[in-house]
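> Knowing the structure of chain A, use the given hints to seat chain B on it.
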Amino acid sequence: MTFRSREPRRAGIVVIGGGIAGQAVCEAVRERDRDVPITLICGEPVLPYDRVRLSEILVSGEDPDTLKLRPPEWFEDNRIEVRLGRWVHWCRPDERLLGLDGGETVAYDRLALATGSQPLMLPIPGADLPGVYPFRDPGDCEAIRLAAAGGARHAAVIGGGLLGLEAARGIAAQGCAVTVVHLLDRLMERQLDAGAARLLPPALRALGVDVALRKSTERITGAARVDGLEFTGGERLDADLVVMSIGIRPEVSLARSAGIDCRRGIVVDDHMRTSAPDVVAAGECAEHDGIVYGLVAPILEQARVAAATLCGREGGPPYRGSVPSAKLKVAGIDLVSVGDAEGEVEAVAADAEAGVYRKLIVRGGRAVGAVLLGDTRGAEALLAAVQAGEEVADPLARLAAAAAAGPGDLPDDAQICNCNGVCKGAIVAAVEQDGCTTPREVMARTRAGTGCGSCKTMVIDIVALAAGGLSDEPHYLCPCRKQTREDLAAQIRGCGLQSVSEVAAHCGTGRDCGACKPALAYLVSEINANRHREERDARFINDRVHANIQKDGTFSVVPRMYGGVTTPDELRRIADVAEKYDVPMVKVTGGQRLDLLGVRKQDLPAIWRELGMPSGHAYAKAVRTVKTCVGSDFCRFGLGDSVNLGIEIERAWEGLYTPAKVKSGVSGCPRNCAEATVKDIGVVAVEGGWQVRVGGAAGASVREADILATVATKAEALRLTTVFLQYYRENADYLERTYDFVPRIGLERLREIVLDEQHQAQLLERFRIAKAAVSDPWLERDEPYHPRQFTDLDEPADDEDAALVGPPSGGAR
Amino acid sequence: MIHACNVDDVPMGEGRAITLAGRRIALFRSPTGWYALDHACPHLGGPLADGIVSDCSVICPLHARRFDLATGRALSGGEDVATHGVEIHGNRVMVRVGEPPVFADREAA
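Residue numbers (the working numbering), protein chains in the order written: chain A, 404 to 1216; chain B, 18 to 126.
The following block holds chain A by itself, in its conformation from the complex (with noise of 0.2 Å):
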């Protein structure tokens, strides 16, 4: 069995199988040789995707799309012959030909095997009846997520390993009752000891998550579709969802059908070399040593040695086997498992309280394995210490000092982005050598942080230790816990979290100073699309009373006028009131609306109440006025209808919260009375059409909107200016002006985006989502979140009579 070494024939190399590691071979081919014809034969109809981060998309509900591991511009310029939806039928080796579905047949120089594997299901009476899932792919992952967000009452995930916790966590977060069933005494089994997985359940029972251990499902129940489970010995579980997770069968069918060598997996030597000529195999399907590994870090480094074969280097570093490492990814759990998790000396450091558990595991003098439960630091280190067999002479001091340690400590093998397989030397690589001077560029260059973000801040502390401190400071969200914006929206999605306190129990933030609660606020809701748990600690007190605080402890009211339009009975109204509550100022803003200056916090229920209008969010971060000319109308230079525009425009985003306010303007004509040329988002109607601005300011700094596009009609530019808010809505930084943001995505890239006609269908249906859930929070009149949400100690409290409210005893005026 041996590689000829010549050049390939045209019909270059073939990977079969569009998973993560017939991706990874393709890449690492293409590294070596930019020339040799590379064809990728997917069986699934899309591109290779990211399949160990389904569970994310379980928890969050986004398109499998985003999980793609390149896209499709990568497989043109890499020259890689993509074959979605086909699959193989036939191998011959010796003729080194392939038959495809279809009759088509393919030949190939050098042929790789990554077929993966299949979902085991339990071959039990019932296990066929609709409502049971296995948890593979994204069509499973989609069906899971529409019945448990669609009225399961309780499901049940069969299989307590680390997928089907992720999958139990997913369902959980749907608001669906679940519980995981596990043959065994203890979760996890393979990666954990018994010390670790006793601290499992009851961190999963905080998250909505059950756990049933020593049940064997004997059948599955229900008539038409499942209603439950039976386990040995009589006992059952009612479930109308059942997801299956025990575990994976290596796809070995056309490679035993082609006469190669498999007994589990496919039959691999130190090359990758299976025991077909000029075949590999590499990732779920392969067996290595006796073992078929099923996690990502290990099917990389087979990729890459696949990858050298294919090529023609076998002199290069043969494969030995992989410590395998694990990393849970569920809300509020953190768990790493490093190698084996027993061994004859064990140090231990558990906090049961505080659910931490951390472990070192030695035999022979050399570190082995490592468990780490609610505490993770030093997982890199440790990682790095078990691969290399690091001699630990006091275990426990060991364990200690990988807590301390900082990325200066690690060896530059010590793998930091287990998603991509990055280790700290590429890392460093990519400042030293290839001159990259920013996180970003380096997580572009080396894909390190892009796959479930977590090794994130890890990667901008390595890149600012090469780079001498130069590398440019991270933009912080929050700066005490060093998180950014995109290292929590990551953590947000990845983890389900739905509150300012998930989020803090998770990774700390905002609990130290807490100046980043408001930030952190916007952003838990901006992803759950409104639908996250309001916590009015985190919000500035404007957004806790809705009103705008004055220098003197007094607030201001603005009431909505859409596009600046009101009628003789509304300000008969605000007379009224304005009279009533001794308001000290009523006074017309720049953005067209009256103002009511200087009125006591307790009044503020009543005042609204008494006003009828809705709230016009003058005190929040959030979409402010539409300023508009009478254009058309009445105005005999009008070429549009500006107003009628403005107030659409004005109803439509009514009640959106923004990373900072958004003012708008609408102008009949180009003599631009209503100033939309410096406004955040401005339009105005030009010959034929309406012209569509954004990122203008005219306060401290005056700056020109931009010209987006100019459109025909009316209704698109509401469409793209609503494409452009809801763009920025998802991607400006907290406080981050729209002045700002334009300049620093560049006008060129937010057209391609903005302009383009998938983003935009994307964008609006987000965007409506996220306007479903909007309320005017000047109802809270009437269902105040606290029975002292506007009254201080002094009076009585919101839900008492109204009429005791007297002036306040003093002091805060």
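It should be emphasised that the hints constitute simulated quantities derived from the structure, not laboratory data.
Check before you lean on any hint, since a few could be wrong.
[Stated by the list, open to error] Far from chain A, by Cβ distances over 10 Å, these chain B residues were calculated: (1) Gly68; (2) Asp72; (3) Glu96; (4) Arg109; (5) Val114.
[Said to hold, decoys possible] Computed footprint of chain A on chain B; a stretch qualifies when at least three of its residues, placed anywhere within it, have a C-beta under 8 Å from a C-beta of chain A: (6) 29-37; (7) 74-85; (8) 99-107.
In this text, a Cβ means the ideal position worked out from N, Cα and C, and glycines have one as well.
Okay, now just chain B, sitting in the frame of chain A:
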């Protein structure tokens, strides 16, 4: 010691103002306990009870000066603010106006 309010009168993570013994005081209920400071920020009189509270500090809503809840120390520069002792007796929040707090005795909220 003066009975200022009941525990439920202040939402978790927020503050409320009250006049006790002629002095305007801000009472805070943080995840780490109860605290009392003078209500007026020493900078320009901002209402500290309306500030954002973290585990151990409050930020004035007017110009973002930050104070340690336990000691009243100005954490972002400027003058410190006076502190008062708080004790929780059952459901009652008791304040020792003018006496700095003694933390060993204080019950956690």
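> Look at each hint and say if it fits the structure.
Evaluation of the provided hints:
1. In this structure Gly68/B is not separated from chain A by more than 10 Å, as the shortest Cβ-Cβ distance comes to only about 7 Å.
2. For Asp72/B, the requirement that its beta carbon stay farther than 10 Å from each beta carbon of chain A is not met, with the minimum near 5 Å.
3. No beta-carbon of chain A is positioned within 10 Å of the beta-carbon of Glu96/B; the least distance is around 18 Å.
4. Distance check for Arg109/B against chain A: the nearest CB is about 13 Å away, which clears 10 Å, and the non-interface claim stands.
5. Every C-beta of chain A lies more than 10 Å from that of Val114/B, the closest at about 14 Å, which supports listing it as non-interface.
6. As drawn, the segment 29-37 of chain B meets chain A at 7 residues by the rule of a beta-carbon pair under 8 Å; at three or more, the given contact holds.
7. Counting residues of the segment 74-85 of chain B whose CB lies closer than 8 Å to any CB of chain A gives 7, which reaches the minimum of 3, so the coverage claim holds.
8. Counting residues of the segment 99-107 of chain B whose CB falls under 8 Å from any CB of chain A gives 0; the rule of at least 3 is not met.
Against the hints set out earlier in the document, violations occur for numbers 1, 2, 8.
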